[in-house]
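> Generate the whole structure from the sequences, applying the supplied hints.
Protein sequences appear in the order of chains A and B.
Using this note's numbering, you'd call the opening residue of the first sequence number 1 and step up by one each time.
Using this note's numbering, you'd call the opening residue of the second sequence number 1 and step up by one each time.
Hint data in this document are derived by calculation from the structure and do not stem from the laboratory.
From a predicted model like this one, the values you see are computed outputs, not experimental measurements.
Each statement offered as a hint is correct.
One side only, chain B facing chain A, incomplete, derived with CB under 10 Å:
(1) 93
(2) 163
(3) 176
(4) 183
Pairwise CB distance ranges, derived in the manner of DEER restraints:
(5) B:14 to A:47: 49 to 57 Å
(6) B:69 to A:150: 32 to 40 Å
(7) B:138 to A:62: 41 to 49 Å
(8) B:171 to A:171: 24 to 32 Å
(9) B:180 to A:49: 52 to 60 Å
(10) B:151 to A:177: 14 to 22 Å
(11) A:107 to B:109: 36 to 44 Å
(12) B:52 to A:40: 25 to 33 Å
(13) B:35 to A:31: 20 to 28 Å
(14) A:107 to B:138: 34 to 42 Å
(15) A:30 to B:58: 25 to 33 Å
(16) A:59 to B:39: 16 to 24 Å
(17) A:194 to B:39: 46 to 54 Å
Straight-line C-alpha distance at most 30 Å; calculated DSBU-like pairs for lysine-lysine:
(18) B:31 to A:60
(19) A:31 to B:60
(20) B:31 to B:60
C-beta atoms are modelled at their ideal positions from N, C-alpha and C, and glycine is treated no differently.
Chain by chain, the residues:
Number of protein chains: 2
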Amino acid sequence: MVMQMTKMSIDRRVARTRDTLHQTLMSLILKQGYEAITIRDICDTANVGRSTFYAHYTSKDDLMRSGIENLRSVLVDRQRAAQANPGDIRHRSLGFSLTLFEHARDHIDLHRGLVGGGTVALGIIRQILADLVRGELAATVDKKSEGATPREFVVQYIVGAYMAVLTWWLDRGAKPPPTEVDAMFRRLATDGILAHLAEGDRS
Amino acid sequence: MVMQMTKMSIDRRVARTRDTLHQTLMSLILKQGYEAITIRDICDTANVGRSTFYAHYTSKDDLMRSGIENLRSVLVDRQRAAQANPGDIRHRSLGFSLTLFEHARDHIDLHRGLVGGGTVALGIIRQILADLVRGELAATVDKKSEGATPREFVVQYIVGAYMAVLTWWLDRGAKPPPTEVDAMFRRLATDGILAHLAEGDRS
DNA sequence: AGGATTTTGGACTTGATGCCCGTTATCTTA
DNA sequence: TAAGATAACGGGCATCAAGTCCAAAATCCT
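Here it is as structure tokens:
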């Protein structure tokens with residue numbers, strides 16, 4: 001029979017295989033870290049033929065990429081909610097921060113695997129955040145206020161700082177609760193480090 | 001003859017080998033990126049037996065690590081010079097910024113290879129910067145002004161932001177000159193993003 | 001010059017990748 | 001529920017890099 005053009009309901013076997021592969025990858029990340037994982041490992045653990053793996057994904061990175069995309073939707077949703085809320089610019093901006101801190105705390109093992117692991121996951125998350133921040137800046141800042149600092153510069157600055165802080169926080173076992181790290185990050189980002197340094201040292 | 005205890009002048013063969021290996025690694029980074037380099041590549045290009053490589057280093061990362069340490073001294077030196085200079089806290093702090101931007105511009109190919117390449121180089125540079133910033137904060141901030149924000153949090157924040165900005169800048173071909181990016185970074189870091197956002201949008 | 005040390009190059013093992021293909025299991029749909 | 005389509009299996013195969021080892025040759029140091 002000819003394939004229907006718009007959208008075929010996905011074969012259950014395909015769905016099952018892909019699902020299993022994703023879950024297995026995650027569990028292996030927790031167990032041995034991303035880098036150390038081999039495609040053999042994944043297939044063996046998942047009870048999936050290696051040929052089958054290659055029928056769906058071209059590499060470990062490919063599997064990872066495809067599996068991490070749902071994180072984006074979570075963040076985007078919450079972001080939208082935060083944007084809708086009225087409030088001072090101080091509270092309205094950087095909406096992803098608390099969300100991601102909390103998500104990381106709730107799935108701490110997974111996130112530790114991600115950050116501890118390869119560049120791939122970090123890169124994807126980085127990109128997702130960059131998109132969010134970019135959108136936020138576009139909605140927040142006035143078009144005419146274009147200063148000497150390129151928009152993208154600010155985006156990279158914020159995302160870089162956030163990723164570093166998130167990683168550090170996870171490495172320490174997510175010690176201070178999300179709301180607190182969130183507050184620290186926001187303050188640092190919006191007010192700058194001068195406020196921190198000069199507190200007891202205003203010359 | 002018995003080995004002298006304190007310090008033996010290094011065998012010329014050893015020095016030559018190690019030197020060649022380092023230079024070769026760098027040139028290969030520029031040509032094909034760090035990740036894609038194989039130990040075979042290095043040895044072939046360097047005209048060094050593969051056995052010899054393993055007699056000196058245990059891995060590609062090992063070679064990289066040992067080779068990048070001189071960058072540290074460059075930065076540390078300039079940092080010291082900057083620290084000695086009198087001046088407002090705004091100019092005295094973040095001394096590494098301009099230095100590294102300039103170094104990156106002068107060795108742009110190398111730096112592009114580094115950042116474009118593996119996690120290793122980035123990690124090392126990150127660590128070097130973290131040490132610098134940590135030292136700087138310790139010298140700058142008053143002990144008693146310890147706020148709710150851990151010192152290390154600020155360090156990670158700054159370094160993360162800087163690395164991201166540096167990478168972005170290099171990817172764009174180091175377009176705005178070092179002094180300008182440096183100024184942008186400093187301003188963002190010390191004054192925060194609020195100053196930027198609110199410029200034309202003070203509600 | 002001569003003993004010490006390094007370099008060499010090739011052989012060997014191990015293990016991962018990626019691909020192929022005939023067989024078997026499972027799904028879809030009519 | 002039976003038939004035809006499709007996916008999964010699994011074993012084999014070629015390729016390549018990582019490491020290790022060793023005897024012979026080259027180079028260095030004093």
